Amino acid sequence: MRFRIRPVETTFYDLFTESAQHLVTGADLLAQVLDMDVTNGDIAERMREAEHQADETTHRIIKRVNSTFITPFDREDIYALASGLDDVMDHMDEAVDSIVLYGVTDFPEAFAGQVAVLQRAAQLTAEAMPRLRTMKDLEEFWIEINRLENEGDRNHRRILAHLFDGSYKAMAVLKLKDIVESVESAIDAFESVANTIEQIAVKES
Amino acid sequence: MRFRIRPVETTFYDLFTESAQHLVTGADLLAQVLDMDVTNGDIAERMREAEHQADETTHRIIKRVNSTFITPFDREDIYALASGLDDVMDHMDEAVDSIVLYGVTDFPEAFAGQVAVLQRAAQLTAEAMPRLRTMKDLEEFWIEINRLENEGDRNHRRILAHLFDGSYKAMAVLKLKDIVESVESAIDAFESVANTIEQIAVKES
Amino acid sequence: MRFRIRPVETTFYDLFTESAQHLVTGADLLAQVLDMDVTNGDIAERMREAEHQADETTHRIIKRVNSTFITPFDREDIYALASGLDDVMDHMDEAVDSIVLYGVTDFPEAFAGQVAVLQRAAQLTAEAMPRLRTMKDLEEFWIEINRLENEGDRNHRRILAHLFDGSYKAMAVLKLKDIVESVESAIDAFESVANTIEQIAVKES
Chain E
1 MRFRIRPVET
11 TFYDLFTESA
21 QHLVTGADLL
31 AQVLDMDVTN
41 GDIAERMREA
51 EHQADETTHR
61 IIKRVNSTFI
71 TPFDREDIYA
81 LASGLDDVMD
91 HMDEAVDSIV
101 LYGVTDFPEA
111 FAGQVAVLQR
121 AAQLTAEAMP
131 RLRTMKDLEE
141 FWIEINRLEN
151 EGDRNHRRIL
161 AHLFDGSYKA
171 MAVLKLKDIV
181 ESVESAIDAF
191 ESVANTIEQI
201 AVKES
Chain A
1 MRFRIRPVET
11 TFYDLFTESA
21 QHLVTGADLL
31 AQVLDMDVTN
41 GDIAERMREA
51 EHQADETTHR
61 IIKRVNSTFI
71 TPFDREDIYA
81 LASGLDDVMD
91 HMDEAVDSIV
101 LYGVTDFPEA
111 FAGQVAVLQR
121 AAQLTAEAMP
131 RLRTMKDLEE
141 FWIEINRLEN
151 EGDRNHRRIL
161 AHLFDGSYKA
171 MAVLKLKDIV
181 ESVESAIDAF
191 ESVANTIEQI
201 AVKES
Chain L
1 MRFRIRPVET
11 TFYDLFTESA
21 QHLVTGADLL
31 AQVLDMDVTN
41 GDIAERMREA
51 EHQADETTHR
61 IIKRVNSTFI
71 TPFDREDIYA
81 LASGLDDVMD
91 HMDEAVDSIV
101 LYGVTDFPEA
111 FAGQVAVLQR
121 AAQLTAEAMP
131 RLRTMKDLEE
141 FWIEINRLEN
151 EGDRNHRRIL
161 AHLFDGSYKA
171 MAVLKLKDIV
181 ESVESAIDAF
191 ESVANTIEQI
201 AVKES
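If you read the protein sequences in the order shown, they are chains E, A and L.
Under this note's numbering, think of the first position of the first sequence as 1, with each following residue one higher.
Under this note's numbering, think of the first position of the second sequence as 1, with each following residue one higher.
Under this note's numbering, think of the first position of the third sequence as 1, with each following residue one higher.
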């Protein structure tokens, strides 16, 4: 008697890991841009490159899911995960873009902490992706992302309240509000990624 | 001959009614916050609690639809209705949140009327939900919600035109625009709920 | 032996063409509004009428897809195309609406070029729709729309940078930002239409 090995497209795990690693790069570039002189468009250029590479990875995942007969988990969950990771990058790219376009060099004090939350979420996500293969030790991932999202939400509200407490002129608020909202959306998008991972894990268990 | 009773999960109706009742609470709290002294965070706290309870109800609906073999109407319509009701609450919560965070105490005159539209829509929705059981007398519900949405849209445009007619400083406009747009989104979300109800009723008829 | 003719609903092509023609009307009205005296609400009225007619066409497409057994291409692609075209109209309507509500008469210089991009995209889309019948010569369409979207994106970034470079007061920025973002969203929505067309063509080839 021969055993048939179920052909599973293992490279999905690699592609998701690659996708999450682009987010680590993006979050780190966003952290650097806070210290940079905005006349120096170099980091903006590297961000655009990171966003472009993340797009490529997303397209490869979608292409593979469309051309593969057996997928390691539900097709819709693969789409949801790929597009969730892509959303994070889009919001980080928006944030850097607004900083450069609006020429912002001064940020509210709490904003660096908010970007640190984003960096931590990216790191944890990149570390969790390879664990999709065994579906082990993923619970701590989504719990920690949810905790980070709560921390980010508190930071965000503190920053918003500060923007409107009279410390800033309307023009500065207009610029900064867009930027801090993009970062908040990126953190929220990580929570959505974590929820997708939880859903996949529940189905597989 | 024995009759087989089709086992229908009747509690979906109760859960949708519960969900809509949270919206009545939310809309009433929003109406109260217009008169309140914003240093008093008590109503904001009660809003957060209402939003939390609404989330719980939504989760119970989703959980039940996932674990139930026969549902009273299409699964996707149950999802759409649950998430539509949830969207209303999110936008109402956003509105209260912005009022408190930005420290707004003065509102354009027409804004109280807009919140009254929201309260009326919430009330009608809470009254309509139990009628899903018999699918009777629902048409008047979606017609009236559509009428309220049109009224809300006219109010919204009048308020926006007023915000930009020179009566307010840019900083005040920045604060108020977010708040009035959240309320407008909440009213729109009720229209989306009414459309879902109409779709369900058409399928069942 | 008799041949059975597969009954294909050819009128989908006519309806999509009609839908795209409403967008040509809408984009032209938006171009006219840039020159108009905003106390003259006539163009706003005609825009509302165009948006209303576009809605009707969308509803007819949705109704037909729901009542037709065999559709010329996948149901979900028909939905995606219909709602993509509808999104363009909504964003154009938003733009005209904000211009009239906020009473804006002066626009950044590059804005007329941006509206011209929108008009060109509408024209190309209206010309491409009848070609869905034969699925021929569609590639040039989506390539050109993607090129226009890139051009629109560059314009948009230039306009935004100009809005924030100190040339405008906060109040003017608040008004103009909404308007230019609606136009940018309309151009993005054309890209999404082009992507849907590409997807349909790839499946059919």
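Because the hints were derived from the structure by calculation, they are not lab data.
There's no promise every hint is true.
Since copy identity is lost for identical chains, a pair holds within one copy or between any two.
Each computed EDC-like pair below joins lysine to aspartate or glutamate, with the alpha-carbon atoms no more than 20 Å apart [to be verified]:
| # | residue 1 | residue 2 |
| --- | --- | --- |
| 1 | K169 | D74 |
| 2 | K63 | E94 |
| 3 | K177 | D188 |
| 4 | K63 | E139 |
| 5 | K177 | E94 |
| 6 | K63 | E76 |
| 7 | K169 | E144 |
| 8 | K177 | D97 |
| 9 | K169 | E94 |
| 10 | K63 | E198 |
| 11 | K63 | E204 |
| 12 | K203 | D28 |
| 13 | K177 | E140 |
| 14 | K203 | E76 |
| 15 | K63 | D77 |
| 16 | K177 | E127 |
| 17 | K63 | D188 |
| 18 | K177 | E151 |
For clarity, every value in this text was computed on a predicted model and none was experimentally measured.
Right, here's what the structure says about each hint:
1. Taking the shortest alpha-carbon separations for K169 and D74, neither the intra-copy value of 50 Å nor the inter-copy value of 52 Å comes in at or below 20 Å.
2. In this homomeric assembly, K63 and E94 never come within 20 Å of each other (Cα to Cα): the closest approach is 26 Å inside a single copy and 35 Å across copies.
3. Taking identical chains as interchangeable, the C-alpha atoms of K177 and D188 lie at most 20 Å apart only when both belong to the same chain, with a minimum of 16 Å there against 23 Å between chains.
4. Taking the shortest Cα distances, K63 and E139 sit within 20 Å of each other only across copies (19 Å), while inside one copy they are farther apart (29 Å).
5. Taking CA atoms no more than 20 Å apart as the test, K177 paired with E94 passes in both settings, with 12 Å inside one copy and 15 Å between copies.
6. Taking the shortest alpha-carbon separations for K63 and E76, both the intra-copy value of 13 Å and the inter-copy value of 18 Å come in at or below 20 Å.
7. In this assembly of identical chains, the alpha carbons of K169 and E144 never lie at most 20 Å apart, being 36 Å within a copy and 42 Å across copies at closest.
8. Proximity of K177 to D97 under the C-alpha cut-off of 20 Å is found in both arrangements, the shortest distances being 13 Å within a copy and 15 Å between copies.
9. In this homomeric assembly, K169 and E94 never come within 20 Å of each other (Cα to Cα): the closest approach is 22 Å inside a single copy and 23 Å across copies.
10. Within a single copy, K63 and E198 get their C-alpha atoms only as close as 24 Å, which misses the 20 Å cut-off; across copies the closest is 14 Å, which meets it.
11. In this assembly of identical chains, K63 and E204 lie within 20 Å of each other by CA distance solely across copies; the values are 17 Å between and 23 Å within a copy.
12. For the homomeric pair K203 and D28, neither the shortest alpha-carbon distance inside one copy (33 Å) nor that between copies (39 Å) is at most 20 Å.
13. Proximity of K177 and E140 under a CA criterion of 20 Å is satisfied in neither setting, with 32 Å inside one chain copy and 40 Å between copies.
14. Taking the shortest alpha-carbon separations for K203 and E76, both the intra-copy value of 13 Å and the inter-copy value of 19 Å come in at or below 20 Å.
15. With identical chains, the CA atoms of K63 and D77 are at most 20 Å apart both within one copy (15 Å) and between copies (17 Å).
16. Taking CA atoms no more than 20 Å apart as the test, K177 paired with E127 passes in neither setting, with 31 Å inside one copy and 39 Å between copies.
17. Proximity of K63 and D188 under a CA criterion of 20 Å is satisfied in neither setting, with 26 Å inside one chain copy and 22 Å between copies.
18. Proximity of K177 and E151 under a CA criterion of 20 Å is satisfied intra-copy only: 18 Å inside one chain copy versus 26 Å between copies.
Violated hints, listed in ascending order, are 1, 2, 7, 9, 12, 13, 16, 17; each of the other numbered hints is respected by the structure.
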